[in-house]
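Visitor: Heads up: the sequence lines are chains A, B and C, in that order.
Heads up: the first sequence at position 200 corresponds to 237 in my numbering, and the numbers run straight through without jumps.
Heads up: the second sequence at position 28 corresponds to 65 in my numbering, and the numbers run straight through without jumps.
Heads up: the third sequence at position 12 corresponds to 49 in my numbering, and the numbers run straight through without jumps.
The set of hints was computed from the structure by calculation and includes no laboratory data.
Incorrect hints may have been included.
Just so you know, same-sequence chains aren't split out, so a pair can sit in one copy or run between any two.
What the hints assert, rightly or not - Straight-line C-alpha distance at most 27 Å; calculated BS3-like pairs for lysine-lysine: (1) Lys230 with Lys62; (2) Lys185 with Lys63; (3) Lys62 with Lys119; (4) Lys185 with Lys62; (5) Lys63 with Lys230; (6) Lys230 with Lys119; (7) Lys185 with Lys230; (8) Lys119 with Lys185; (9) Lys119 with Lys228; (10) Lys228 with Lys185.
What follows is each chain in one-letter form.
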Amino acid sequence: MFLIEAFVYIGTIAFAISGSLLAIKKDLDMFGVLLLGLTTALAGGVIRDLMIGNIPPTNLVDPQYFLVSLLASLATILFHEKFDRFEHGIAFFDAIGLGVFTAVGANAALSLDYSQPFLIVAMGLVTGIGGGVLRDVFVREIPLVFRKEIYGLASIAGSVALIVTYSLLSPVISLYICLVVTLTIRILALKWKWNVPIVHKKPNV
Amino acid sequence: MFLIEAFVYIGTIAFAISGSLLAIKKDLDMFGVLLLGLTTALAGGVIRDLMIGNIPPTNLVDPQYFLVSLLASLATILFHEKFDRFEHGIAFFDAIGLGVFTAVGANAALSLDYSQPFLIVAMGLVTGIGGGVLRDVFVREIPLVFRKEIYGLASIAGSVALIVTYSLLSPVISLYICLVVTLTIRILALKWKWNVPIVHKKPNV
Amino acid sequence: MFLIEAFVYIGTIAFAISGSLLAIKKDLDMFGVLLLGLTTALAGGVIRDLMIGNIPPTNLVDPQYFLVSLLASLATILFHEKFDRFEHGIAFFDAIGLGVFTAVGANAALSLDYSQPFLIVAMGLVTGIGGGVLRDVFVREIPLVFRKEIYGLASIAGSVALIVTYSLLSPVISLYICLVVTLTIRILALKWKWNVPIVHKKPNV
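One chain only, chain A, in its complex shape (with noise of 0.2 Å):
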């Protein structure tokens, strides 16, 4: 689990670096773009957590992903104009983000005996873009999952791929399986800059 738990590093950072730099974009104060960068990285375990009834939340009480956040946040601040010219590898750290929350929230419904496959993938989603989504809300943005890129969707099949292979291979591989397969997938569709189609609506005649 050492590998899984590096991983999970990098998401928190990737994830409060995000948050950080949007409430930089839009002017928040310093305390502003360092509580986003926290509620990014955090939120999105806490409603997981909060959901399969793991009170209080992790997030909350092991210090480290804190500590985590709030560095990386002071870094986003310190060098913010030299992170935006890292645009491609924030989102790459992102995508690993994406992947890892994934794998880990799919498998604390899974190893809590809850054996939903439907819930499995609700939690591997909500832990993956949970974070984001309250970022979004607070600045006033509709949240990217909502709008563009293959990003949800990803998630979803990290997840279906993690309940295909757990019994089938080792629970440890089946993490790895969903980090790389929602990593791919997220990564393929920002390089060929895949979207979901947009129902437009039509005027009525």
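Add chains B and C to chain A, keeping to what the hints say.
Guide: Just chains B and C now, with coordinates in the frame of chain A:
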């Protein structure tokens, strides 16, 4: 309880359609349309379950509500132009949804031996309007329940009717009374355009 | 604890007034004004209770907080023009609300034997700002705590003071110290217009 169950499906379908129609109007992509339909249909029950400790929430465990919402959202993508012409029909189904979700929510608080009247009314309201509130927040609208028409008031009146009749009559009958009271007030408000007055802010002299 | 209880009512009233005033400014209808007042006054405690497993949340069970909030919101509808002239007075009551809700929230985490410092600070912050964050999200404002003035920082300083003094002095005294620290910082920030600096986004060269 069979009839109530049938009403729950009607309400779930109506709420999924209302979320999907709004998503299409806001030019969300197809995934966003499905996700907003699901959120509108399922979130009220999820929030209520979090508040009364029904973990994990029924709407995330029993797949039938998810499947019904998904089918209703897919149908909305295919036939949304036709649905537009049935705006009044959808408002009618939505009123059924408000009524039945209020009844189910208030009853869930009651049947878990929480006999506090305010909690019962609050759980009816949260279940009835929660999905719609999230739907509106996610597309940057002020939630409908804050803005116009007798909506939340209909839910509150229904829950009060349920509390009053619960011990006098049988629990099942009080469920139907709650549904009928909420539905009737909501339909009459739509038909005669009842609105709660606005407190206009007068300029300071 | 009698004095703390009195402060809780003052805070509840101040938060209900702040929600109702904002709702009137945004032209919500009377039901919306009452609902936003109630949400602002009660939601912080509800979210905290969900996170520490105090189910169902106290604010939804004990009717006195609901009744006090309802009366304060009704009074706001009747006298909002006069309340406008007392803007500074309301900001002062709001500061009491922030202080006492922070103290009560941090103390709730501590007294449930959750001795993790980050959780205690987070529960103080969530209880103190949660209602205001929902209030602002529901009327499409970026939540105040992200935007300006020493608000969240005052709450954090108060919780830290509570943690430091909790084992040194008596729990009750540390509650008052938390309240006084939060209140003092918040009032001084208002009086001297202290703000956290904004991280201005410089254009890329």
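Visitor: If a hint holds in the structure, say so; if it does not, say that too.
Guide: We went through each hint and held it up to the structure:
no., hint, in the structure
1, Lys230 with Lys62, "both (23 Å within a copy, 23 Å between copies)"
2, Lys185 with Lys63, "both (20 Å within a copy, 13 Å between copies)"
3, Lys62 with Lys119, "within (14 Å within a copy, 38 Å between copies)"
4, Lys185 with Lys62, "both (20 Å within a copy, 15 Å between copies)"
5, Lys63 with Lys230, "both (25 Å within a copy, 21 Å between copies)"
6, Lys230 with Lys119, "within (24 Å within a copy, 32 Å between copies)"
7, Lys185 with Lys230, "within (10 Å within a copy, 37 Å between copies)"
8, Lys119 with Lys185, "both (26 Å within a copy, 26 Å between copies)"
9, Lys119 with Lys228, "within (22 Å within a copy, 37 Å between copies)"
10, Lys228 with Lys185, "within (14 Å within a copy, 38 Å between copies)"
The earlier numbered hints are all upheld by this structure, with none contradicted.
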